[in-house]
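**Q** Below, each chain spelled out in residue letters.
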Amino acid sequence: MAPVLEVVATLLLVTGGAFLLIGAIGVARFPDVLTRMHAAGLAGTLGIGALLLASMLVFAAEGHEPGVRELAIVLCIVLVAPVASLCIARAARRRGE
Amino acid sequence: MLMFGITVATGCVSVALLLTLWRLARGPGVCDRILALDLLSMLVAALLIVLGIATRTGSAFDAALVVALLGFVGTVALARFAERGRVGGD
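Residue numbers (my numbering), protein chains in the order written: chain A, 1 to 97; chain B, 1 to 90.
It is possible that part of the hints are untrue.
What the hints assert, rightly or not - If you only want the chain A side, here are some residues facing chain B, beta carbon under 10 Å, derived:
hint : residue
1    : Ala43
2    : Gly47
3    : Ile48
4    : Ala60
5    : Ala81
Keep in mind the hints are simulated off the structure, nothing from the lab.
Note that beta-carbon positions come from the ideal geometry of N, C-alpha and C, so glycine has one too.
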């Protein structure tokens, strides 16, 4: 694959990994449930998005089929992550944690 | 070059898995544990995506989709159970 595309894909991979790591550090270090949820939700969505963008780039540059699977995963996670966060936040609020 | 990115991403996600597992074991509340489980399923999906890039296998992405969706269903069920003591109903 072309060197430019390879550099961009590498950068996206490193960015995605760094986002996920920062989110997990936030989950481990923040003081209460709502701040932890903030770290997990944002970092998870962005990190997986960057990783999937990298995979689309790699597969497209090497002439495989277009990345319909990656789009489906991004769509599912973007639609589904806020709902999960809402459920956890409501449970935390009603339980008074 | 791409191998370097794959290695860094795998290392980052592995350390993130360890930190999230620590939060899952530590608690202190039920909601913290549910949140940690949600992030764990996302991290496993991310690891499967990196595996799919590294070995150029498309089926790893299907596995990642399944893990992410099952993690979402489990999160919602656990959160509702923690909220009101049962999952379905009214």
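**Q** Looking back at the hints listed earlier, which ones does the structure fail to meet?
**A** Per hint list: single violation, 4.
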